[in-house]
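Colleague: Please build the complete structure, drawing on both the sequences and the hints.
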Amino acid sequence: CPSRRRKKSAKKVVKQKKETNTVAKVSQEEVEVVEEEDDGTHLKFKGIAIKGSMESFCKKLKAKGFTQTGRDGKNRLFEGDFTGKTATGNVESDNDGKNVYRVIVMFTSSRDWNTLVETYNHYKKLYTSKYGAPVGSKERINPITDSNSAKMLELNDGKVTWFSRWKDAGGTIEISIEKYDIVEGVVVLRYCDSQNEAAKIKSDLDEI
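Reading the sequence shown from the start, the letters are residues 1 to 208 in my numbering.
Keep in mind the hints are simulated off the structure, nothing from the lab.
Keep in mind the model is a prediction, meaning the values are calculated, not measured.
Among the hints, a few may not be true.
[As the list claims (entries may be wrong)] What follows is a list of derived Cβ distance ranges for each label pair:
#1 T145 x G97: 40 to 50 angstroms
#2 S147 x K64: 33 to 43 angstroms
#3 A133 x A199: 28 to 38 angstroms
Heads up, the beta-carbon is just placed ideally off N, CA and C, and yes, glycines get one too.
Modeller: Structural data, given as structure tokens:
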């Protein structure tokens, strides 16, 4: 019967419209998620906003090629490529793991002071190029002699202050040369999101 066929065709058209509306709704939701991540109010590491739960942040970090290597208490440890160099990372969150607030990156340790300074200067130049002159910087070492062993001894004794700090709208980035073990030093990068660090401090104060 022709009239029945027309009714069935009409039902198919309605169904297709519903599916189209559903796809459009999902696409809109995806756009809104991207816009939320890129709202510019949080500091970013590897293009990832330092916010959200530990689980959520770590999934995004893995998608960037980092591999989780373990845990340190509630913190997660990672290893991967950062600007062409092998680096290890430490992701820190609040006590409940609901808000990530800091990412710490360490490069390969070294027993040679000049190697450490070379790595430090490389990143200092990069961050200065992006963020401008550091808001704070101090590079002080007073070895007994100019030898490598004397400089590494100063570092081991905690007598070296070597850092630069930049401030972005979402937080701070700091690079430093620090003691790694008795005979080695390491270059460390710290990305700290201002909003979530403040929330972490408030949470700690509420507990004491």
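Colleague: Give a verdict on every hint.
Modeller: Quick rundown of the hints versus the structure:
no. : hint                            : result
1   : T145 x G97: 40 to 50 angstroms  : holds (48 angstroms)
2   : S147 x K64: 33 to 43 angstroms  : holds (40 angstroms)
3   : A133 x A199: 28 to 38 angstroms : holds (29 angstroms)
Hint compliance for this structure: every hint is met.
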